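Listed below, chain by chain, are the residues.
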Amino acid sequence: MSERTERSEGREAMPDRHSMSERTERSEGREAMPDRHSMSERTEQSEGREAMPDRHSMSERTERSEGREAMPGRHSVSPTADPNRALTDALVAEYAAVWAYGVIGVHLADAARSAARAAEAAHRSRRDALVLQLAEGAGQVPADWAGYALPFPVTDRSTALRLAVEIEERTAGHWRAALPHTAGADRNTALAALTDCALRATRWRRTAGVTPVTVPFPGRPA
Amino acid sequence: MVLTCPVGTGRTPSNQGVAGHSRRRLLRAGALVALGGAVAPLTGCDLLDRDDEPPPPDALEPLVAESLALEAQHRAAAGTTPALAGRLTPIAEAHRAHADELRRVIGRPAPSGTPATTPSGSPAAEPDAVLAQLRRAEQQGRTNAAKACAGAPAERAALLGSIAAARATHVEALA
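These protein sequence lines map, in sequence, to chains H and W.
Just so it is clear: in the first sequence, position 113 is 113 by UniProt numbering, and no numbers are missing.
Just so it is clear: in the second sequence, position 124 is 124 by UniProt numbering, and no numbers are missing.
None of these hints come from the bench; they were simulated from the model.
Treat the numbers as computed from the prediction; the structure is a model and nothing was measured.
For each residue, glycine too, the CB sits at the ideal point set by N, CA and C.
Treat the hints with caution; some may be incorrect.
So the derived list for chain W, only partly shown, Cβ under 10 Å to chain H, looks like this [unchecked claim]: (1) Gly-86; (2) Glu-101; (3) Ala-146; (4) Pro-153; (5) Ala-154.
Next up, chain W with everything else stripped away, as it sits in the complex (with noise of 0.2 Å):
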């Protein structure tokens, strides 16, 4: 945008008084246009894309992070304490499953096999208090597993209920 009219200064009082308020005019003007520049893409946005608002959540959702949350918690105790890889790297692999079965059932594929990654940095715990913390993981994710079996409807009760006794059995293969 230009200015085109003339921006008198300095020539008589009024006249200054008649280029000042034409000025602001003008910017008004223009932020006004502006905005309406921004305003009117996302309007259309919004408009084009209505057959592509994202569906209200799931009530699996919380249970797909979850279950992401569990399998990211036991690679990286497999990470940072090697001995325990083999207990807890199947596990892990439980966890990805159920996430995966979730996500099925929900109609949301999983976003293209990024697996989970590892944190590293974290110094090499005491076996004993790493598995103490995965055992009350796994037995607060069975119990929010169990709650949403006891609420599902029908065609997801038998995935949950596997969900929520595999979480059961974690615990105990933690002990």
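Same shape as in the complex, but just chain H (with noise of 0.2 Å):
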């Protein structure tokens, strides 16, 4: 934690209360998704810097976290002793589907732009209540990045589309690894956004044209 947290000073503070509501006026100034000009900006300075997290980047993704907070692939599901652990990989993910809505709606029009904004919406939602409950807890709160690196390249409205569907489906398999790790309340939260993020899968594999639109076990390690 230690490490990460220095390397992220200075860019990204800490997503303590006061921060949140920075970020929380901060993207409600670019609730208008962002143009292309500062799309690409952004997506330059995701290089080399965060990968999104996937299954491709593990292994390094473990050795640059070893000692800090992992970010967690799709096939991180192995069981943590570490519940805390569980939720912070989600909160991580949020980060990522968050920013990632935003590569993703400048690339899309009409009802697409419109679901993308919700999405993102529904997303900083679940991040926001994750970083309060985190907060509250004895563990740490893991930093947002400024950026993160794209699994593929997004050029068009075909790419953003299925970077969406990645999207959903990387963060489900978050939330499905938080499951055995919670209880009750957090148990249902869980679920619930397990769910959320599975039916928003669905609705972009409708919209892209892909069939068939639902997968047999949504967030489930390939």
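Combine the two chains into a complex, taking the hints into account.
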């Protein structure tokens, strides 16, 4: 944690209550989806920084994150003794999802863009709830990053929709991985988050014309 | 069993009484032996098969049955409404996959891959009505799976969560 916290200082404040409100203001200010210019800046920024939490970059990430907050991929559903770890993983996935929808939205129009905006808001809401929950508990709250490396270039509507499906499936995977570490209301929250991600993935597949629109086990590592 | 004692008929009233009594006794004894013969093997089975006694039903058994029922329902609907087959078949397959995975977790493998029989003979139905019925079934299934997930031990929570989420996406896909 310490190393990562240091690294993120000066870039992205730890998401405590104070910075949360800042973030919300900031994001409200760019509620109109970022234009292509700012998007390309964002993409450049993210290069060489922080990979999206995915399965391919797991080995690299694990090395890099040793002793810190790991950024789990969809394969990292191995049981951990620390329930907070599962939730911090979910939080990192939500950070990445919020960021990714900024990229996705600019390549979409009309109803699809509205859907991307609604999805971004939903992930932001999950993110905020997790930040509060982790801050109130004994666990550390991982920091957000200024940008995340995309799993593939997003250049048009088609690739944007593919990323949206990918983001939802990955985020679903992190909430699914949190289920064994939760009980009671927390488990219901994790299940609701998993289900929401799965539903959005299904809607994005339909928008993209991908069939079938469902997968047998949402969030399960492929 | 053979009746070997003499069965006197029509000698004296006293003899008759004895003979009748004797016959009843014999019949009663025979019945008891027959009963004993029937009961003894059962007891024997019980003693011998105690190791194979079926374990108490797993909490997930109802979900297995529900998955198979949903599979059958989708396959039947695909049969009677071919226009929907492309949408319904992947969902039916997902339910079958759920049932298989649940049985694996329970520790009882599927009985030699018998595909769900497609009930035939139902008249072709309006696609909208078919979809509405399937949505209701999936919605109920989603609720049941979510309940199971909420109360499940940790090692089962993820699978049940995926099944609940899958059923929710089925409702969406059937819209």
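Do the hints match the structure? See the list:
1. Gly-86: holds (7 Å)
2. Glu-101: Nearest chain H Cβ about 8 Å off; hint holds.
3. Ala-146: Check passed: Cβ of Ala-146(W) comes within 6 Å of chain H, closer than 10 Å.
4. Pro-153: Check passed: Cβ of Pro-153(W) comes within 9 Å of chain H, closer than 10 Å.
5. Ala-154: holds (4 Å)
In summary, the structure agrees with every hint in the numbered list given earlier.
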